[in-house]
Amino acid sequence: MERYIVNGGSPLNGEVEIYGAKNAALALIPAAILTEEPVVINNLPDVSDINVLLEAISQIGAKVERIDRHKVRITGASVTSHQLNYDYISKIRASYYLLGALLGRFHEAEVAMPGGCEIGARPIDQHIKGFEALGAKVQITNRQIYAKADELKGCHIYFDMVTVGATINVMLAAVLAKGNTIIENPAKEPHVVDLANMLNSMGANIRGAGTDVIRIKGVERLHKTEYTVIPDQIEAGTFMLAAAITKGNITVTNVIPKHLESITAKLIDIGCEVEEFDEAVSVRFGEKLLPTQVKTLPYPGYPTDMQPQIAVALALASGISTITESIFENRFVYSKELNKMGARIKVESSNTAIINGVKKLTGAHINAPDLRAGAALVLAALSAEGTSVIDGIEYIQRGYENFEGKLQALGADIIKTEIEED
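Using my numbering, the first residue of the sequence shown is number 1179, and each one after it goes up by one.
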(Lines of atoms letter the chains of each structure in order from A and count residues from 1; the text may use other names and numbers.)
(Lines give C-alpha, C1' and ligand atoms only; values in the text may rest on other atoms or scores of the structure.)
Protein backbone atom coordinates (compact mmCIF):
# COMPACT_ATOMS: atom_id res chain seq x y z
CA MET A 1 0.00 0.00 0.00
CA GLU A 2 1.10 3.54 -0.74
CA ARG A 3 0.41 7.01 0.64
CA TYR A 4 1.15 10.63 -0.15
CA ILE A 5 3.12 12.93 2.13
CA VAL A 6 2.43 16.57 1.36
CA ASN A 7 4.02 19.76 2.66
CA GLY A 8 1.55 22.51 1.89
CA GLY A 9 1.54 26.26 1.59
CA SER A 10 3.16 26.86 -1.82
CA PRO A 11 1.22 28.17 -4.85
CA LEU A 12 1.13 25.89 -7.90
CA ASN A 13 2.24 27.55 -11.13
CA GLY A 14 2.92 26.44 -14.70
CA GLU A 15 1.46 24.28 -17.45
CA VAL A 16 0.03 20.77 -17.21
CA GLU A 17 -0.95 18.54 -20.13
CA ILE A 18 -4.22 16.66 -19.77
CA TYR A 19 -4.46 12.99 -20.75
CA GLY A 20 -7.33 11.11 -22.36
CA ALA A 21 -10.67 10.91 -20.58
CA LYS A 22 -10.96 7.86 -18.36
CA ASN A 23 -14.76 7.84 -18.53
CA ALA A 24 -14.69 7.94 -22.33
CA ALA A 25 -12.04 5.24 -22.62
CA LEU A 26 -14.07 2.93 -20.37
CA ALA A 27 -16.85 3.01 -22.99
CA LEU A 28 -14.58 2.84 -26.06
CA ILE A 29 -12.78 -0.33 -24.94
CA PRO A 30 -16.00 -2.45 -24.85
CA ALA A 31 -17.03 -0.91 -28.17
CA ALA A 32 -13.84 -2.27 -29.73
CA ILE A 33 -15.02 -5.88 -29.32
CA LEU A 34 -18.20 -5.23 -31.34
CA THR A 35 -16.12 -6.04 -34.44
CA GLU A 36 -13.78 -8.89 -35.30
CA GLU A 37 -11.37 -6.44 -36.93
CA PRO A 38 -8.59 -4.61 -35.03
CA VAL A 39 -9.41 -1.30 -33.34
CA VAL A 40 -6.62 1.08 -32.31
CA ILE A 41 -7.32 3.54 -29.48
CA ASN A 42 -4.99 6.51 -28.97
CA ASN A 43 -4.61 8.85 -25.98
CA LEU A 44 -5.64 6.11 -23.57
CA PRO A 45 -4.94 7.07 -19.93
CA ASP A 46 -2.62 4.68 -18.09
CA VAL A 47 -4.70 4.32 -14.92
CA SER A 48 -5.79 1.26 -12.96
CA ASP A 49 -9.45 1.30 -14.08
CA ILE A 50 -8.38 1.15 -17.73
CA ASN A 51 -5.83 -1.58 -17.09
CA VAL A 52 -8.39 -3.71 -15.22
CA LEU A 53 -10.84 -3.40 -18.12
CA LEU A 54 -8.17 -4.36 -20.66
CA GLU A 55 -7.34 -7.43 -18.55
CA ALA A 56 -11.03 -8.28 -18.40
CA ILE A 57 -11.53 -8.31 -22.17
CA SER A 58 -8.31 -10.32 -22.51
CA GLN A 59 -9.82 -12.86 -20.15
CA ILE A 60 -12.74 -13.49 -22.54
CA GLY A 61 -10.40 -13.91 -25.51
CA ALA A 62 -9.81 -10.47 -27.00
CA LYS A 63 -6.27 -9.81 -28.22
CA VAL A 64 -4.90 -6.71 -26.48
CA GLU A 65 -1.61 -5.25 -27.71
CA ARG A 66 0.00 -2.29 -25.96
CA ILE A 67 1.62 -0.28 -28.75
CA ASP A 68 2.86 2.25 -26.22
CA ARG A 69 1.77 3.59 -22.84
CA HIS A 70 -1.19 5.51 -24.28
CA LYS A 71 -2.02 3.44 -27.37
CA VAL A 72 -3.60 0.00 -27.61
CA ARG A 73 -4.75 -2.32 -30.38
CA ILE A 74 -7.77 -4.51 -29.57
CA THR A 75 -8.83 -7.39 -31.82
CA GLY A 76 -12.16 -8.99 -30.94
CA ALA A 77 -12.10 -11.86 -33.45
CA SER A 78 -10.85 -14.28 -30.80
CA VAL A 79 -13.47 -13.45 -28.16
CA THR A 80 -14.83 -16.84 -27.13
CA SER A 81 -16.84 -16.17 -23.98
CA HIS A 82 -19.78 -13.99 -23.04
CA GLN A 83 -19.06 -14.41 -19.31
CA LEU A 84 -16.78 -12.07 -17.34
CA ASN A 85 -14.65 -13.17 -14.38
CA TYR A 86 -15.95 -11.67 -11.12
CA ASP A 87 -12.48 -10.90 -9.73
CA TYR A 88 -11.71 -8.58 -12.63
CA ILE A 89 -14.94 -6.88 -13.21
CA SER A 90 -16.33 -6.28 -9.73
CA LYS A 91 -13.50 -3.78 -9.20
CA ILE A 92 -14.83 -1.05 -11.50
CA ARG A 93 -18.18 0.51 -12.20
CA ALA A 94 -17.72 0.48 -15.98
CA SER A 95 -17.85 -3.33 -16.00
CA TYR A 96 -21.47 -3.11 -17.05
CA TYR A 97 -20.55 -1.60 -20.44
CA LEU A 98 -19.44 -5.09 -21.43
CA LEU A 99 -23.07 -6.16 -21.03
CA GLY A 100 -24.13 -3.92 -23.91
CA ALA A 101 -21.16 -4.84 -26.08
CA LEU A 102 -21.44 -8.61 -25.59
CA LEU A 103 -25.21 -8.55 -25.91
CA GLY A 104 -24.94 -6.51 -29.09
CA ARG A 105 -22.43 -8.85 -30.70
CA PHE A 106 -23.35 -12.29 -29.32
CA HIS A 107 -26.93 -11.70 -28.08
CA GLU A 108 -25.81 -13.07 -24.71
CA ALA A 109 -23.82 -11.60 -21.82
CA GLU A 110 -23.07 -12.37 -18.18
CA VAL A 111 -21.23 -9.79 -16.10
CA ALA A 112 -20.71 -9.29 -12.37
CA MET A 113 -22.52 -6.45 -10.67
CA PRO A 114 -20.30 -3.39 -10.95
CA GLY A 115 -17.98 -2.11 -8.23
CA GLY A 116 -16.04 1.15 -7.97
CA CYS A 117 -16.23 3.97 -5.42
CA GLU A 118 -18.87 3.83 -2.67
CA ILE A 119 -20.39 7.25 -3.36
CA GLY A 120 -24.03 6.19 -3.37
CA ALA A 121 -26.64 4.03 -5.03
CA ARG A 122 -26.18 3.64 -8.75
CA PRO A 123 -29.09 1.45 -9.87
CA ILE A 124 -29.12 -0.36 -13.20
CA ASP A 125 -32.88 -0.40 -13.72
CA GLN A 126 -32.65 1.86 -16.77
CA HIS A 127 -30.03 -0.44 -18.33
CA ILE A 128 -32.40 -3.38 -17.88
CA LYS A 129 -35.29 -1.34 -19.29
CA GLY A 130 -33.23 -0.59 -22.40
CA PHE A 131 -32.05 -4.17 -22.93
CA GLU A 132 -35.58 -5.54 -22.52
CA ALA A 133 -36.94 -2.97 -24.97
CA LEU A 134 -34.41 -4.29 -27.49
CA GLY A 135 -35.75 -7.82 -26.98
CA ALA A 136 -33.47 -9.28 -24.33
CA LYS A 137 -34.45 -11.12 -21.18
CA VAL A 138 -32.46 -10.03 -18.11
CA GLN A 139 -31.89 -11.87 -14.83
CA ILE A 140 -29.86 -10.93 -11.74
CA THR A 141 -28.70 -13.78 -9.51
CA ASN A 142 -25.80 -14.01 -7.05
CA ARG A 143 -24.60 -10.53 -8.02
CA GLN A 144 -24.38 -11.60 -11.67
CA ILE A 145 -26.34 -9.90 -14.47
CA TYR A 146 -27.36 -12.22 -17.29
CA ALA A 147 -28.93 -10.97 -20.52
CA LYS A 148 -29.93 -13.01 -23.57
CA ALA A 149 -31.89 -12.35 -26.75
CA ASP A 150 -32.82 -14.52 -29.72
CA GLU A 151 -32.71 -11.34 -31.74
CA LEU A 152 -32.19 -7.65 -30.97
CA LYS A 153 -34.66 -5.31 -32.62
CA GLY A 154 -34.65 -1.54 -32.76
CA CYS A 155 -37.09 0.19 -30.43
CA HIS A 156 -38.19 3.47 -28.87
CA ILE A 157 -36.78 4.04 -25.37
CA TYR A 158 -37.52 6.88 -22.97
CA PHE A 159 -35.23 6.96 -19.94
CA ASP A 160 -37.02 7.87 -16.72
CA MET A 161 -33.92 9.79 -15.64
CA VAL A 162 -30.77 11.04 -17.32
CA THR A 163 -28.23 8.23 -16.99
CA VAL A 164 -24.81 8.07 -18.62
CA GLY A 165 -24.35 4.35 -18.02
CA ALA A 166 -27.66 3.26 -19.51
CA THR A 167 -27.28 5.60 -22.48
CA ILE A 168 -23.89 4.09 -23.30
CA ASN A 169 -25.02 0.49 -22.71
CA VAL A 170 -28.07 0.80 -24.95
CA MET A 171 -25.99 2.44 -27.67
CA LEU A 172 -23.54 -0.47 -27.56
CA ALA A 173 -26.34 -3.03 -27.79
CA ALA A 174 -28.39 -1.19 -30.42
CA VAL A 175 -25.79 -0.49 -33.12
CA LEU A 176 -26.02 -4.07 -34.44
CA ALA A 177 -29.75 -4.53 -33.77
CA LYS A 178 -32.21 -4.85 -36.63
CA GLY A 179 -34.09 -1.66 -37.42
CA ASN A 180 -34.06 1.76 -35.82
CA THR A 181 -33.64 2.68 -32.18
CA ILE A 182 -34.66 6.05 -30.71
CA ILE A 183 -33.36 7.02 -27.26
CA GLU A 184 -35.17 9.92 -25.60
CA ASN A 185 -33.87 11.75 -22.51
CA PRO A 186 -30.33 10.40 -23.00
CA ALA A 187 -27.22 11.64 -21.22
CA LYS A 188 -25.36 14.37 -23.13
CA GLU A 189 -21.90 14.03 -21.55
CA PRO A 190 -18.85 14.46 -23.81
CA HIS A 191 -17.95 10.79 -23.42
CA VAL A 192 -21.38 9.77 -24.75
CA VAL A 193 -20.64 11.84 -27.87
CA ASP A 194 -17.14 10.35 -28.03
CA LEU A 195 -18.56 6.82 -28.05
CA ALA A 196 -20.99 7.72 -30.84
CA ASN A 197 -18.15 9.21 -32.88
CA MET A 198 -15.99 6.11 -32.49
CA LEU A 199 -18.86 3.75 -33.34
CA ASN A 200 -19.65 5.83 -36.43
CA SER A 201 -16.00 5.56 -37.47
CA MET A 202 -16.52 1.77 -37.24
CA GLY A 203 -19.51 1.90 -39.59
CA ALA A 204 -22.38 2.52 -37.16
CA ASN A 205 -25.17 4.95 -37.98
CA ILE A 206 -25.76 7.13 -34.90
CA ARG A 207 -27.17 10.65 -34.98
CA GLY A 208 -28.05 13.10 -32.23
CA ALA A 209 -25.51 12.18 -29.52
CA GLY A 210 -25.22 15.19 -27.23
CA THR A 211 -28.84 16.24 -27.89
CA ASP A 212 -32.22 15.31 -26.41
CA VAL A 213 -32.74 12.40 -28.86
CA ILE A 214 -30.28 9.80 -30.14
CA ARG A 215 -31.24 7.94 -33.31
CA ILE A 216 -29.52 4.68 -34.20
CA LYS A 217 -30.01 2.82 -37.47
CA GLY A 218 -28.82 -0.75 -36.97
CA VAL A 219 -26.09 -2.09 -39.26
CA GLU A 220 -25.08 -5.67 -40.04
CA ARG A 221 -21.43 -5.35 -39.04
CA LEU A 222 -18.80 -2.95 -37.82
CA HIS A 223 -15.22 -2.66 -39.08
CA LYS A 224 -11.77 -1.61 -37.92
CA THR A 225 -10.87 1.94 -36.98
CA GLU A 226 -8.23 4.07 -35.28
CA TYR A 227 -9.63 6.57 -32.82
CA THR A 228 -8.31 9.14 -30.30
CA VAL A 229 -9.91 9.55 -26.87
CA ILE A 230 -11.08 13.08 -25.98
CA PRO A 231 -9.21 14.96 -23.21
CA ASP A 232 -10.32 14.32 -19.63
CA GLN A 233 -12.56 17.16 -18.46
CA ILE A 234 -12.40 16.00 -14.83
CA GLU A 235 -8.60 15.83 -14.75
CA ALA A 236 -8.54 19.29 -16.36
CA GLY A 237 -11.08 20.63 -13.86
CA THR A 238 -9.07 19.23 -10.95
CA PHE A 239 -5.97 21.16 -11.99
CA MET A 240 -8.06 24.28 -12.67
CA LEU A 241 -9.35 24.13 -9.09
CA ALA A 242 -5.78 23.50 -7.90
CA ALA A 243 -4.90 27.01 -9.06
CA ALA A 244 -7.75 28.49 -7.02
CA ILE A 245 -7.07 26.41 -3.92
CA THR A 246 -3.29 27.00 -3.77
CA LYS A 247 -3.44 30.68 -4.86
CA GLY A 248 -1.57 29.80 -8.04
CA ASN A 249 -1.65 30.23 -11.80
CA ILE A 250 -2.09 27.08 -13.90
CA THR A 251 -2.66 26.54 -17.61
CA VAL A 252 -4.20 23.20 -18.60
CA THR A 253 -3.35 22.18 -22.16
CA ASN A 254 -4.76 19.55 -24.56
CA VAL A 255 -8.33 20.31 -23.50
CA ILE A 256 -11.65 21.15 -25.15
CA PRO A 257 -12.71 24.42 -23.42
CA LYS A 258 -16.36 23.82 -24.36
CA HIS A 259 -16.40 20.76 -22.09
CA LEU A 260 -15.18 22.87 -19.15
CA GLU A 261 -17.71 25.71 -19.30
CA SER A 262 -19.60 24.86 -16.10
CA ILE A 263 -16.32 24.61 -14.16
CA THR A 264 -15.03 27.84 -15.69
CA ALA A 265 -18.24 29.64 -14.71
CA LYS A 266 -17.89 28.61 -11.06
CA LEU A 267 -14.22 29.61 -10.95
CA ILE A 268 -15.20 33.07 -12.16
CA ASP A 269 -17.98 33.16 -9.55
CA ILE A 270 -15.49 32.54 -6.74
CA GLY A 271 -13.14 35.29 -7.91
CA CYS A 272 -10.61 33.61 -10.20
CA GLU A 273 -9.41 34.94 -13.54
CA VAL A 274 -9.99 32.49 -16.39
CA GLU A 275 -8.70 32.80 -19.95
CA GLU A 276 -9.65 30.37 -22.73
CA PHE A 277 -7.57 29.45 -25.77
CA ASP A 278 -8.20 27.03 -28.64
CA GLU A 279 -6.96 23.96 -26.74
CA ALA A 280 -6.05 25.37 -23.33
CA VAL A 281 -7.53 27.16 -20.32
CA SER A 282 -5.59 29.33 -17.87
CA VAL A 283 -6.75 29.90 -14.28
CA ARG A 284 -5.25 32.54 -11.99
CA PHE A 285 -6.12 33.09 -8.33
CA GLY A 286 -7.70 36.50 -7.75
CA GLU A 287 -7.52 38.66 -4.64
CA LYS A 288 -9.52 36.21 -2.53
CA LEU A 289 -11.95 33.31 -2.88
CA LEU A 290 -15.62 34.24 -2.77
CA PRO A 291 -18.54 32.09 -1.57
CA THR A 292 -21.09 30.71 -4.01
CA GLN A 293 -23.82 28.09 -4.45
CA VAL A 294 -23.21 24.90 -6.41
CA LYS A 295 -25.66 22.25 -7.57
CA THR A 296 -24.42 19.19 -9.41
CA LEU A 297 -26.36 18.29 -12.54
CA PRO A 298 -26.00 16.10 -15.63
CA TYR A 299 -23.97 17.68 -18.44
CA PRO A 300 -23.88 20.54 -19.35
CA GLY A 301 -24.46 21.30 -15.65
CA TYR A 302 -21.75 21.29 -12.99
CA PRO A 303 -20.32 17.74 -12.83
CA THR A 304 -20.68 15.62 -9.71
CA ASP A 305 -17.11 14.41 -10.24
CA MET A 306 -15.92 17.99 -9.63
CA GLN A 307 -17.96 18.53 -6.47
CA PRO A 308 -15.31 17.59 -3.84
CA GLN A 309 -12.70 19.79 -5.56
CA ILE A 310 -14.81 22.94 -5.45
CA ALA A 311 -15.77 22.13 -1.85
CA VAL A 312 -12.11 22.55 -0.90
CA ALA A 313 -12.01 25.96 -2.60
CA LEU A 314 -15.22 27.03 -0.85
CA ALA A 315 -13.80 25.84 2.48
CA LEU A 316 -11.23 28.63 2.00
CA ALA A 317 -13.69 31.26 0.72
CA SER A 318 -14.61 34.39 2.66
CA GLY A 319 -18.22 33.56 3.55
CA ILE A 320 -20.86 30.85 3.58
CA SER A 321 -21.40 28.58 0.57
CA THR A 322 -23.79 25.73 -0.15
CA ILE A 323 -23.38 22.64 -2.30
CA THR A 324 -26.37 20.56 -3.36
CA GLU A 325 -25.54 17.08 -4.65
CA SER A 326 -28.24 15.79 -6.99
CA ILE A 327 -26.49 12.70 -8.40
CA PHE A 328 -24.91 10.58 -5.62
CA GLU A 329 -26.17 10.71 -2.05
CA ASN A 330 -22.92 9.63 -0.35
CA ARG A 331 -20.66 12.10 -2.10
CA PHE A 332 -20.00 14.19 1.06
CA VAL A 333 -18.16 11.46 2.98
CA TYR A 334 -14.93 13.43 2.47
CA SER A 335 -16.24 16.29 4.62
CA LYS A 336 -15.10 14.56 7.84
CA GLU A 337 -11.55 14.41 6.48
CA LEU A 338 -11.61 18.08 5.45
CA ASN A 339 -12.94 19.06 8.86
CA LYS A 340 -9.91 17.34 10.43
CA MET A 341 -7.86 19.95 8.59
CA GLY A 342 -9.87 22.83 10.06
CA ALA A 343 -12.62 23.18 7.47
CA ARG A 344 -16.14 23.97 8.68
CA ILE A 345 -18.47 21.81 6.63
CA LYS A 346 -21.86 20.68 7.88
CA VAL A 347 -23.82 18.14 5.87
CA GLU A 348 -27.57 18.60 6.16
CA SER A 349 -29.54 15.54 5.05
CA SER A 350 -27.50 13.56 2.55
CA ASN A 351 -27.45 15.99 -0.34
CA THR A 352 -26.65 19.47 1.00
CA ALA A 353 -23.48 20.82 2.56
CA ILE A 354 -23.15 24.20 4.26
CA ILE A 355 -19.58 25.46 4.13
CA ASN A 356 -18.32 28.26 6.38
CA GLY A 357 -15.07 29.48 4.87
CA VAL A 358 -11.91 29.60 7.00
CA LYS A 359 -8.69 31.53 6.50
CA LYS A 360 -6.48 28.45 6.32
CA LEU A 361 -6.37 24.68 6.56
CA THR A 362 -3.87 22.75 8.69
CA GLY A 363 -2.03 19.58 7.77
CA ALA A 364 -3.47 16.32 9.10
CA HIS A 365 -3.45 12.54 8.65
CA ILE A 366 -6.40 11.90 6.33
CA ASN A 367 -7.84 9.12 4.22
CA ALA A 368 -9.11 9.24 0.62
CA PRO A 369 -12.64 7.74 0.64
CA ASP A 370 -13.05 7.63 -3.16
CA LEU A 371 -11.43 8.72 -6.43
CA ARG A 372 -12.52 12.37 -6.78
CA ALA A 373 -12.59 13.09 -3.05
CA GLY A 374 -9.06 11.69 -2.84
CA ALA A 375 -7.81 14.14 -5.45
CA ALA A 376 -9.63 16.98 -3.65
CA LEU A 377 -7.98 16.08 -0.35
CA VAL A 378 -4.57 16.24 -2.02
CA LEU A 379 -5.39 19.77 -3.19
CA ALA A 380 -6.48 20.64 0.36
CA ALA A 381 -3.18 19.33 1.70
CA LEU A 382 -1.25 21.40 -0.85
CA SER A 383 -2.97 24.55 0.41
CA ALA A 384 -2.65 23.69 4.10
CA GLU A 385 -0.14 24.92 6.63
CA GLY A 386 2.17 22.06 7.61
CA THR A 387 2.44 18.42 6.61
CA SER A 388 -0.36 16.05 5.63
CA VAL A 389 -0.34 12.28 5.24
CA ILE A 390 -2.93 10.88 2.81
CA ASP A 391 -3.82 7.19 2.81
CA GLY A 392 -6.10 5.35 0.40
CA ILE A 393 -4.38 6.76 -2.67
CA GLU A 394 -5.17 3.63 -4.67
CA TYR A 395 -8.52 5.33 -5.31
CA ILE A 396 -6.76 8.33 -6.84
CA GLN A 397 -4.66 6.08 -9.07
CA ARG A 398 -7.86 4.66 -10.56
CA GLY A 399 -8.45 7.89 -12.46
CA TYR A 400 -5.36 10.13 -12.41
CA GLU A 401 -2.20 9.14 -14.23
CA ASN A 402 1.05 10.29 -12.58
CA PHE A 403 -0.91 12.67 -10.35
CA GLU A 404 1.96 13.36 -7.98
CA GLY A 405 4.41 13.85 -10.89
CA LYS A 406 2.22 16.47 -12.54
CA LEU A 407 1.77 18.28 -9.22
CA GLN A 408 5.53 18.22 -8.57
CA ALA A 409 6.13 19.81 -11.98
CA LEU A 410 3.84 22.66 -10.86
CA GLY A 411 5.86 23.19 -7.68
CA ALA A 412 4.09 20.90 -5.22
CA ASP A 413 5.99 19.33 -2.33
CA ILE A 414 4.45 15.87 -2.56
CA ILE A 415 5.96 12.40 -2.49
CA LYS A 416 4.51 8.90 -2.81
CA THR A 417 5.84 6.38 -0.32
CA GLU A 418 5.14 2.85 0.81
CA ILE A 419 3.16 2.38 4.01
CA GLU A 420 5.31 0.46 6.47
CA GLU A 421 3.65 -2.78 7.54
CA ASP A 422 3.56 -3.70 11.21
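The reader is advised that the hints may include incorrect statements.
Cross-link-like lysine-lysine pairs, in silico, DSBU-like; alpha carbons within 35 Å at most [to be verified]:
| # | residue 1 | residue 2 |
| --- | --- | --- |
| 1 | Lys1538 | Lys1466 |
| 2 | Lys1326 | Lys1307 |
| 3 | Lys1307 | Lys1331 |
| 4 | Lys1518 | Lys1473 |
Because the hints were derived from the structure by calculation, they are not lab data. For clarity, every value in this text was computed on a predicted model and none was experimentally measured.
Could you tell me which of the numbered hints above are not met by this structure, giving the numbers in increasing order? Result: no hint breaks.
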